[in-house]
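Spelled out from the first residue to the last, the chains are:
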Amino acid sequence: MPRFEYLEPHTLRQAVSMLQQHGSHARIVAGSTDFLVRWRTGVWKPQYVVNLQHVPGLDRLSYSPRNGLRLGALVRVRALETSPVVRQRYPALAAAAASFAGVQVRNLATVGGNVCNASPAGDTLPSLLAFDAQCRIVGPQGERWLPLEQFFLGPGRTALQPAEILAELRLPPPLPNTGSLYIKHSPRGAMDISYVGVASVVSLQDRGRVCRDAKIALGAVAPTPIRAASAEAMLRGQTITPELLKRVAAEAQRLARPIDDVRATGAYRKDIVAVLTQRTLERAIEMARGAEMPFEVQRRLAVQAAF
Amino acid sequence: MPEYTVLEHSHPRVDAWEKVTGQATYAADLHLPGMLACKLLTSPRSHARIVSIDTSRAEKLPGVRAVITGKDFPNTHFGSGGLKDRYIMARDEVYYIGEPVAAVAADDEMTAQEALELIRVEYQDLPAVVSPLDALKSGATVVHSDLPKFEGYGFAAGGPNVCTLLDADRGDVEQAFHEADHIFEDTFRSQGINQGFLEPMACAARVEPNGRLTVWASTQGPYQVRAQLAGVLGMTISNVKVIPMELGGGFGAKLRLAFEAFPALLAIKSGHPVKLVNTREEAFTMNGPRLPTHIHLKTAVKDGRITAREAHSVFDVGAYLGAGPNSGVGHALGAYHIPNFKLRSYGVYTNKLYVGSYRASGVADMTFAVESHMDIIAHKLGVDPLDFRTINAVKEGDQAVGGARTPRNGLQETIQAVKERLGLPKKLTSDNPNEARGVGVALCEWRSGSGPSTASISVNEDGTVSLLTGSVDISGSDTSLAQIAAEALGVKMEQVIVAERDTDLAPFTGPSGGSRIIYSQGKAVQMAAEDTRKKLIALAAERLKLSPEALSCAGGRVYVQDNPPQGFTLGQLARQSLTSKGGPIIGTAALSSMPYTPVFCTHAAEVVVDKGTGQVRVTRYLQAQDVGVAINPMSVEGQLEGGVVQGIGRALTEEIQWDPNTGKVRNPSLATYLMPLAVDMPQVENILIRVPSPDGPFGARAVAEPPGFGPPAAIANAIYDAVGVRIKDLPLSPERVLAALQGKDTEIKMDVEALRRAEAGRG
Chain X
946 MPRFEYLEPH TLRQAVSMLQ QHGSHARIVA GSTDFLVRWR TGVWKPQYVV NLQHVPGLDR
1006 LSYSPRNGLR LGALVRVRAL ETSPVVRQRY PALAAAAASF AGVQVRNLAT VGGNVCNASP
1066 AGDTLPSLLA FDAQCRIVGP QGERWLPLEQ FFLGPGRTAL QPAEILAELR LPPPLPNTGS
1126 LYIKHSPRGA MDISYVGVAS VVSLQDRGRV CRDAKIALGA VAPTPIRAAS AEAMLRGQTI
1186 TPELLKRVAA EAQRLARPID DVRATGAYRK DIVAVLTQRT LERAIEMARG AEMPFEVQRR
1246 LAVQAAF
Chain F
8 MPEYTVLEHS HPRVDAWEKV TGQATYAADL HLPGMLACKL LTSPRSHARI VSIDTSRAEK
68 LPGVRAVITG KDFPNTHFGS GGLKDRYIMA RDEVYYIGEP VAAVAADDEM TAQEALELIR
128 VEYQDLPAVV SPLDALKSGA TVVHSDLPKF EGYGFAAGGP NVCTLLDADR GDVEQAFHEA
188 DHIFEDTFRS QGINQGFLEP MACAARVEPN GRLTVWASTQ GPYQVRAQLA GVLGMTISNV
248 KVIPMELGGG FGAKLRLAFE AFPALLAIKS GHPVKLVNTR EEAFTMNGPR LPTHIHLKTA
308 VKDGRITARE AHSVFDVGAY LGAGPNSGVG HALGAYHIPN FKLRSYGVYT NKLYVGSYRA
368 SGVADMTFAV ESHMDIIAHK LGVDPLDFRT INAVKEGDQA VGGARTPRNG LQETIQAVKE
428 RLGLPKKLTS DNPNEARGVG VALCEWRSGS GPSTASISVN EDGTVSLLTG SVDISGSDTS
488 LAQIAAEALG VKMEQVIVAE RDTDLAPFTG PSGGSRIIYS QGKAVQMAAE DTRKKLIALA
548 AERLKLSPEA LSCAGGRVYV QDNPPQGFTL GQLARQSLTS KGGPIIGTAA LSSMPYTPVF
608 CTHAAEVVVD KGTGQVRVTR YLQAQDVGVA INPMSVEGQL EGGVVQGIGR ALTEEIQWDP
668 NTGKVRNPSL ATYLMPLAVD MPQVENILIR VPSPDGPFGA RAVAEPPGFG PPAAIANAIY
728 DAVGVRIKDL PLSPERVLAA LQGKDTEIKM DVEALRRAEA GRG
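Protein chains in written order, with my numbering: chain X, 946 to 1252; chain F, 8 to 770.
Hint data in this document are derived by calculation from the structure and do not stem from the laboratory.
Since the structure is predicted, the reported quantities are computational estimates derived from the model, not experimental observations.
Warning: the hint list may mix true and false statements.
[As the list claims (entries may be wrong)] Derived lysine to aspartate or glutamate pairs resembling DMTMM-like cross-links, with alpha carbons at most 20 Å apart:
id, chain 1, residue 1, chain 2, residue 2
1, X, Lys1191, X, Glu1227
2, F, Lys618, X, Glu1109
3, X, Lys990, F, Asp752
4, X, Lys1191, F, Glu116
5, F, Lys276, F, Asp79
6, F, Lys276, F, Asp438
7, X, Lys990, F, Glu121
8, X, Lys1215, F, Asp752
9, F, Lys144, F, Glu766
10, F, Lys618, X, Asp1158
11, F, Lys751, X, Asp1205
Isolated chain X (complex conformation):
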């Protein structure tokens, strides 16, 4: 466990200048749930640790029908899970948060940390992608906006430039008659890293017969979480039929490029993508048509794909 210098900025500007000063020797932490494990095992050996916890306002969560959901980077995963507005407007995000590690970790882990950790299996990422999240990034040159889809470059690699900090995520307000669901496939009912995670957001029109818009995001099946754009396109404007959903699921499966690792083979993950895509779409459509889906049911679906 190498020693480090601990820094506590009180503004984002201060944080940016600390990062400028210490360059690659510094590492930002928020909930520290990823950091502590890697520091203790010697994977990360920063000389400086910059803790964002004391920057005011970074943990703000707010919603307006016009601007949608604003999530400060330090919003806890547990807050995503329990927030009534997230559960109501962005159910796939609340369910994803509920499937994340265990409660103690969720109480510490932040949504910004989950995004910046850029794990292909990050539990909140498919849902954030499927809700078209935008990133507000603050750096030495001021502020810039980037779609989340362009934020991920590879496992652990992001579009953040030196001394840049992810400050906020914004999710546009959902269309009327929208349903969404996240399903995570993992062998246990909690505490597992996702083997495959799929988030689907479906908006309907024409009394629920026709798909107005669809977004499908896949986790743990490529170097980054990905949107299944060509699968989404197959749905948009189409009358929903079981056969169509099956074809869309097959297209999502085709897009997945998973690897073999200690958890599962790539071939198995590909099979699961189709199953989960179809199931998330089916459920999201039911929800968009107004079906009651208590959060407890969504949570169970999120962690126990089958049952």
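Please build the complex by placing chain F on the supplied structure of chain X, with the hints as guidance.
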């Protein structure tokens, strides 16, 4: 059942308060003045010659007090059993990734860790073999080229990597196969398993002013640690004292010498006390787990009865024979009477972490194979799986594999209890088109463990009694032993003090393992209590001038049977004893072995299978076990449920993953080695069957290990019932189930013919 006052009543553990308040002292809690921290440098190579080790830079690091390598130990082999196949620390060669090659003692762990990075080891790689089936082939890469020279090596047969080959034969197997109506053959594989103890290994050592060595250890077997430690250090046993600390789980992993020798030698070298505490990763990479097992079963059936069994079991033992493949012969028949058999069990070296013990090593693997095989046969014959088992089950008087006659037992009662509770046979259905439900059963068999046991009980002046045994409490056994003493002496539980112990204080006792504590150690306690009781009655008889036959001992008193108010309390007798002819009252007992007493249980699982993902969830689990008598029903149920939880982990999610080329453990963490969680567990229902054993204390049988055996087969059989696919490979992972559902070939391949040929060739 006789009326008991203490037995058959649930008592909270005598150590519960210390444990739940965090005050119990584990080895890692030990802090001695001037104590140093020890860290180990391990081999990054699967198999290599050590050309040189340079520790000079590490020794110069400020804060480093001592560095040792294998050459600092006497040139002595040791082993877990008869075969002496290993050094405590690598000398000239390393045989697996993770083998200790050097150890550092420093002022703190960080300095010790830093010092490890300064040690330079030059290796020259040698060819390695990772797959046990490859290691078995003729012309395979040899793990230990000096195997024939090892002390305790019995035969130069079976191949260059076969360190042990056990066999058992009875009857005319060939004839029985010739006359059979049907012959069935199946091959099964079970995975490597970590014991999953909560407390990683920890130990500390200090050299006393008189030159003796004191060792504090997290161990199930203090006397085994003492003997092996003295051996590798070149000391006499009398110069080593082992103090077993509170044990945070062992399950067999802590039966023998583990890491104690490293802090011990560093303490000798530095003059300071030294402590070593494993990390969780080290608990996965350095401490002997279970390794994969391949089992081939061939069974003859005539007129619905099993007439012959041939079994070939291949136990991967890794780099050293840390635990033997005995269950390959001892448990290849299962809970069945099979008149003709030919059983072979191979222990095969590979360049992987050496095998250790775990909850009746190998029996769970054998039970998975035997009970899956039984199910396959029943389905192929078109017979109800439970009926097929019932017909073939072992009965009183049948001869067990080892030759002993089977005494009276409750096997049939356990089958009947499960059948009635679940309403078997039955077919489960599901409304959800994505899923299917099924039910499966398995019978398990084991025996009550034997081995040297001692106990002494002294009576204190206030009427309490002090119980001293050398047994480490790994599962609440102190509470149960206290109950046996209390029942036998007619005192209350609160009147029994269980003494702290170490190897100087208590006489030799076998380790806490093999389901032996209640059956054997408990017997010694019962006998010691009876001895105490006899002495109390003799003293009272002397004082009352009555014959001992006229007196009884109960309710904390010795009294006249015909006139109960007349008599003495135990406290009065203890005080009188101080001036009596016989002196203070102490009862003792010792025994070395106990008669064969089998343990049987019937398990049943109900599962739901996701046909899309292959995921399996257990929705109900039922077990009925013949416990003889439940010394402490709460503790018995705890053992039963804990075993099932471990068994469900073995069945569904747990698996050590080895790199196929290097033998390195790929998932050395609790994030990647998946033990089951509370949310994954079904309600576990227990039925205790009580058919007293002829020899156990108050009729008790062993309880401990069998509950872990049943789940893999019961769940595999339930999966078959649900979706019609047969998985012969553990764990029953979603990936395997889905592959089978997709019709992929999931059969395990093992060249049994080559083993038969090799045996024929040996004549």
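Status of the hints after comparison with the structure:
1. X/Lys1191 with X/Glu1227: Within the cut-off at roughly 10 Å; holds.
2. F/Lys618 with X/Glu1109: violated, 46 Å
3. X/Lys990 with F/Asp752: Outside the cut-off at roughly 47 Å; violated.
4. X/Lys1191 with F/Glu116: violated, 57 Å
5. F/Lys276 with F/Asp79: holds, 10 Å
6. F/Lys276 with F/Asp438: violated, 70 Å
7. X/Lys990 with F/Glu121: Holds, at roughly 14 Å.
8. X/Lys1215 with F/Asp752: Cα-Cα ~19 Å, so holds.
9. F/Lys144 with F/Glu766: Holds, at roughly 13 Å.
10. F/Lys618 with X/Asp1158: Distance of about 30 Å is beyond 20 Å: violated.
11. F/Lys751 with X/Asp1205: holds, 18 Å
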